[in-house]
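Asker: Chain residues, written in single-letter form:
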Amino acid sequence: MAEELKYVEKWNSKINELKLGAAKADGGTRGKVFKVGNQASLPYLFKEGDIPFAPIIAAEVYDVPEDDWPQALTEDLKDVFRHPLDWAVKMVEEAGADLVCLKLQGIHPDLGGKSAKDAQGLAVALLKKLNTPMVVLGCGQADTDNEVLPLVSEATKGERLLFGDVVQENYKTLTAACIADGHNIIAESPIDVNIAKQLNILVSDLGMPQDRIIINPTIGALGYGIEYAYSIMERARNAALSGDRMLAMPFICFAGQEAWSAKEARVIEAEAPQWGNARQRGIMWEVVTAMAMLHAGADILTMRHPEAIRIVKAAIADLMRH
Amino acid sequence: MNKHTVTFYPDNKKVEVESATTILSAAISAHIHLNSACGGDGVCGRCKVIVKSGTVHSEPSGKVTSEERKRGVYLACQALVESDIEVEIPLESRLDMGSLSKEELESRLRNVYTKAEDISEAKPSLGEGLFTHAPLVVKFCLELPKPNFDDKISDLERVYRAIEEKIGERPIQTGLSNIRHLGELLRASDWKITVAVSQRGPVAEILSIQPGDACGRNYGLAFDIGTTTISGQLVDLDKKEILGTKAAYNRQASFGSDVISRIIYSKAQDGLEKLQNAVVDVINEMAEEFSEEHGIDLNDVTVVNVAGNTTMIHLLLRVDPTYIRQEPYVPTANYFPHFKAAEAGIKINPHGLLFCVSGVASYVGGDITAGVVACGVHESKELSLLIDIGTNGEIALGSREWIISCAASAGPAFEGSGMSCGLRATRGAIQEVRIEPKSLEVKYATLGDDKPRGICGSGYIDLVCELLKHGIMDKSGKLNRDIKNRRLREGKADYEFVVAFEEESGIDGDIVVTDSDLDNLKRAKAAVYSGIAILVRHMGTGLDQIKRIFIAGGFGTSLDIESAVSIGLIPDLPREKYIFVGNSSLAGSRQALLSCQASAICDKVAADITYFELSTDPEYMDEYMAALFFPHTDAKRFPSVKYV
Numbered sequence: 000m001a002e003e004l005k006y007v008e009k010w011n012s013k014i015n016e017l018k019l020g021a022a023k024a025d026g027g028t029r030g031k032v033f034k035v036g037n038q039a040s041l042p043y044l045f046k047e048g049d050i051p052f053a054p055i056i057a058a059e060v061y062d063v064p065e066d067d068w069p070q071a072l073t074e075d076l077k078d079v080f081r082h083p084l085d086w087a088v089k090m091v092e093e094a095g096a097d098l099v100c101l102k103l104q105g106i107h108p109d110l111g112g113k114s115a116k117d118a119q120g121l122a123v124a125l126l127k128k129l130n131t132p133m134v135v136l137g138c139g140q141a142d143t144d145n146e147v148l149p150l151v152s153e154a155t156k157g158e159r160l161l162f163g164d165v166v167q168e169n170y171k172t173l174t175a176a177c178i179a180d181g182h183n184i185i186a187e188s189p190i191d192v193n194i195a196k197q198l199n200i201l202v203s204d205l206g207m208p209q210d211r212i213i214i215n216p217t218i219g220a221l222g223y224g225i226e227y228a229y230s231i232m233e234r235a236r237n238a239a240l241s242g243d244r245m246l247a248m249p250f251i252c253f254a255g256q257e258a259w260s261a262k263e264a265r266v267i268e269a270e271a272p273q274w275g276n277a278r279q280r281g282i283m284w285e286v287v288t289a290m291a292m293l294h295a296g297a298d299i300l301t302m303r304h305p306e307a308i309r310i311v312k313a314a315i316a317d318l319m320r321h
Numbered sequence: 000m001n002k003h004t005v006t007f008y009p010d011n012k013k014v015e016v017e018s019a020t021t022i023l024s025a026a027i028s029a030h031i032h033l034n035s036a037c038g039g040d041g042v043c044g045r046c047k048v049i050v051k052s053g054t055v056h057s058e059p060s061g062k063v064t065s066e067e068r069k070r071g072v073y074l075a076c077q078a079l080v081e082s083d084i085e086v087e088i089p090l091e092s093r094l095d096m097g098s099l100s101k102e103e104l105e106s107r108l109r110n111v112y113t114k115a116e117d118i119s120e121a122k123p124s125l126g127e128g129l130f131t132h133a134p135l136v137v138k139f140c141l142e143l144p145k146p147n148f149d150d151k152i153s154d155l156e157r158v159y160r161a162i163e164e165k166i167g168e169r170p171i172q173t174g175l176s177n178i179r180h181l182g183e184l185l186r187a188s189d190w191k192i193t194v195a196v197s198q199r200g201p202v203a204e205i206l207s208i209q210p211g212d213a214c215g216r217n218y219g220l221a222f223d224i225g226t227t228t229i230s231g232q233l234v235d236l237d238k239k240e241i242l243g244t245k246a247a248y249n250r251q252a253s254f255g256s257d258v259i260s261r262i263i264y265s266k267a268q269d270g271l272e273k274l275q276n277a278v279v280d281v282i283n284e285m286a287e288e289f290s291e292e293h294g295i296d297l298n299d300v301t302v303v304n305v306a307g308n309t310t311m312i313h314l315l316l317r318v319d320p321t322y323i324r325q326e327p328y329v330p331t332a333n334y335f336p337h338f339k340a341a342e343a344g345i346k347i348n349p350h351g352l353l354f355c356v357s358g359v360a361s362y363v364g365g366d367i368t369a370g371v372v373a374c375g376v377h378e379s380k381e382l383s384l385l386i387d388i389g390t391n392g393e394i395a396l397g398s399r400e401w402i403i404s405c406a407a408s409a410g411p412a413f414e415g416s417g418m419s420c421g422l423r424a425t426r427g428a429i430q431e432v433r434i435e436p437k438s439l440e441v442k443y444a445t446l447g448d449d450k451p452r453g454i455c456g457s458g459y460i461d462l463v464c465e466l467l468k469h470g471i472m473d474k475s476g477k478l479n480r481d482i483k484n485r486r487l488r489e490g491k492a493d494y495e496f497v498v499a500f501e502e503e504s505g506i507d508g509d510i511v512v513t514d515s516d517l518d519n520l521k522r523a524k525a526a527v528y529s530g531i532a533i534l535v536r537h538m539g540t541g542l543d544q545i546k547r548i549f550i551a552g553g554f555g556t557s558l559d560i561e562s563a564v565s566i567g568l569i570p571d572l573p574r575e576k577y578i579f580v581g582n583s584s585l586a587g588s589r590q591a592l593l594s595c596q597a598s599a600i601c602d603k604v605a606a607d608i609t610y611f612e613l614s615t616d617p618e619y620m621d622e623y624m625a626a627l628f629f630p631h632t633d634a635k636r637f638p639s640v641k642y643v
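Order-wise, the sequence lines are chains A and B. In terms of numbering that gives the first Met the number 0, the first sequence opens at residue 0 and continues consecutively. In terms of numbering that gives the first Met the number 0, the second sequence opens at residue 0 and continues consecutively.
I should point out that these hints are in silico values taken from the structure, not numbers from a laboratory. Check before you lean on any hint, since a few could be wrong.
[Stated by the list, open to error] Within a straight-line C-alpha distance of at most 25 Å, the following computed PhoX-like cross-link-like pairs (lysine-lysine) qualify:
hint: 1; chain 1: A; residue 1: Lys171; chain 2: B; residue 2: Lys191
hint: 2; chain 1: B; residue 1: Lys339; chain 2: A; residue 2: Lys13
hint: 3; chain 1: A; residue 1: Lys171; chain 2: B; residue 2: Lys477
hint: 4; chain 1: A; residue 1: Lys171; chain 2: B; residue 2: Lys641
hint: 5; chain 1: A; residue 1: Lys9; chain 2: B; residue 2: Lys635
hint: 6; chain 1: B; residue 1: Lys483; chain 2: A; residue 2: Lys171
hint: 7; chain 1: B; residue 1: Lys641; chain 2: B; residue 2: Lys437
hint: 8; chain 1: B; residue 1: Lys339; chain 2: B; residue 2: Lys603
hint: 9; chain 1: B; residue 1: Lys437; chain 2: A; residue 2: Lys171
Just chain A, same shape as in the assembly (with noise of 0.2 Å):
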């Protein structure tokens, strides 16, 4: 850069670190363990505050598919799409993601309904087919996911995993089993940094440390409000850095599912043709709006495209080499 900064703005405070799986002398059993957070600095200005962690990559991985996805996605996925365990592998050792995020769309009453066993078995089987720690996500529906949540965390005690997510309607359950289990939390609120942070204090009055809480900010994909996640994200981390303990946890921001709800990323070429290759388009839809999440201070991503992950992988790289 021609011209450096002049200007050093310097935080008293700094995010949390958060410790995303438990290696056998922490208790667990996990041959690959992550740290996010603990950045004294906003995104990537590395002369206002240390940054020593990298963002890290969660890949999408579902224990039945979702028949709502594009061509263009599952296309590159067609060979493990029915198949968790190697969906996981794939996405890990050839997609190069940090760790999966396993959601378990499966258990909801309309979608399946698999059983509480189901969903334990899967998790379990997972771990042992990765070295790797994992985001665990319920359906969304709040009586299934209070009833089966807990039991995937009891079942993965002492692992240190990411469960998710918690809302200011549901929070209790879910929370006291991760307390209990020893595992960390997503908390989710709507674009709003109150409610993120009124959320925040409630799961810490239950008694969950703080930094085994990670927020889930809700975003737009790229051109569906975007740029209001990106500033109730900034809002968050200046009052986080300006020394807002309540607001000091680490961003995890849900960039694929976001991405390939969109129009863009979902309308074929035949119907588009002026928009171009299909595939190509989806996946550029999952980095811009990755990229830009990390630019406004995602500390974990959870993606689906094998390739979109590649691309943000080496971005990444890029960004931290300073």
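For this one, chain A is given, so just place chain B on it according to the hints.
Answerer: Here is chain B on its own, set in the frame of chain A:
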């Protein structure tokens, strides 16, 4: 049209109405007042009655359970009379229209004080000096020199000249009726007369001319017209003495519980007239009672001074209030000239005057101006804050340099309206609550030590504080489902906490607080607190700069400041800064009645107060969201508040 007879029990009152009239209208015709917080829209469910015989037509309502329907329960505002019917009115549907109990009265009039009482013993005079005793209407006894060939100015000029000798030269005016028979009156009274003179601005006006010496019989009435309650005082204007105090419910409550629903009702056929009559009736009845109790001729009551929110003043004067609720929220007037009281239907001396304390804006009315003057916010070197918590939480911040005000739409939760077991601060209202930590047993105190009939504002504030302290509710206002106790249960509509079981209560059923009640209270407190925070921030000052905080409002006989801070309703400042003033509007209204200087100061203060529109402030929504938490999302703002 067919006519039907509706008989109301237990009153045993009969009224004949046309077919398809609602039971609510029939009740109003029979002078029976039912609760009707929504103004007859069928959404509040407060006007339930039991039809004992006859047929009515009513669409099914979510507010009436099928079990209730079997018992003949209907919403009075939705049920159309189709035959002769007999209707029983349960106690909880009845709007208690009697005068307020003594305890309640004390709460409304707590710490009501006035500077006018402390001022010198000087003889009544107009003009001169700040807060000199000079009531809005003064009576002079004049002994006029008889006319002769050297002094043959006209009778009227003779009266003017004598008045000018008393009060200095100034424009004087009077009405034709006083002049018509003046010649005869002067001669019959041997040139000794008593004139009643008023002043607002530079002009003096002769209201009436009486024969002989009628000085010493000059009375005035001061009123605070609240959306819920009307308070009045009879004042001896010469002796500066309060002779009596009364309070009664505002009968407009039959047409809706808040100003917006009343503005809407004013558009109904004869709506504006009905609303005006409702309030004027209360004023006239109060005046008559005063006159009887104190042996005073209403003809000697020469002036009425009224403070009220802008909508109340519009309705009192039967001025169309429509534009108060339409953007950009402009009232017909904030400053009303004085009128003949008779023009508004107020029955005092036919020449008597009606003054209204000037308002600031559509949602900051003369009641706040009166409160500001009564509390001395406008003359203090140091910063004061006045918070009047009613349906609108009005806030005024300032000193003698400047005053800024805003209105936060808190909703009527703290007045007990729109709540499942809410009650205004009336007999039987739970106003203090303590909860035993382990057993969760509830101890409460009610107004008048009656059996509990509901919960009023101060009771809710205590209750929320206790629920938080004992972890029965989380900081977002949700009841804790994990606690196993007979008081916590899934209720009809919502999860609920039982404050008083049916066997101890004075109503049919348990007294509970539900998740949605708690949400209402959270919103109300957030509106008030964020209004305060925005004003303070807007003025570039800090809460710690505020020296005195006056809390006004009709919560109950007392307000536990500690509880109010604990729930985040008011800022966490040293408690000694807080002064609970009760009805500051009535105090200011009386002060202006007793002193035309104070009245002029009210006008000036109203004109000087800057109105800050919260609804268009970009930061307000954010402040409000941050305040939707107990005590606040930013716990640092409430350092002294710790829940277990």
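Asker: The structure should be examined with respect to each hint, and the outcome stated for every one.
Answerer: Outcome of the hint check:
no.: 1; hint: A:Lys171 x B:Lys191; result: violated (85 Å)
no.: 2; hint: B:Lys339 x A:Lys13; result: violated (70 Å)
no.: 3; hint: A:Lys171 x B:Lys477; result: holds (11 Å)
no.: 4; hint: A:Lys171 x B:Lys641; result: holds (21 Å)
no.: 5; hint: A:Lys9 x B:Lys635; result: holds (22 Å)
no.: 6; hint: B:Lys483 x A:Lys171; result: holds (15 Å)
no.: 7; hint: B:Lys641 x B:Lys437; result: holds (18 Å)
no.: 8; hint: B:Lys339 x B:Lys603; result: holds (22 Å)
no.: 9; hint: B:Lys437 x A:Lys171; result: holds (21 Å)
Hint check: violations occur at hints 1, 2; the rest are consistent with the structure.
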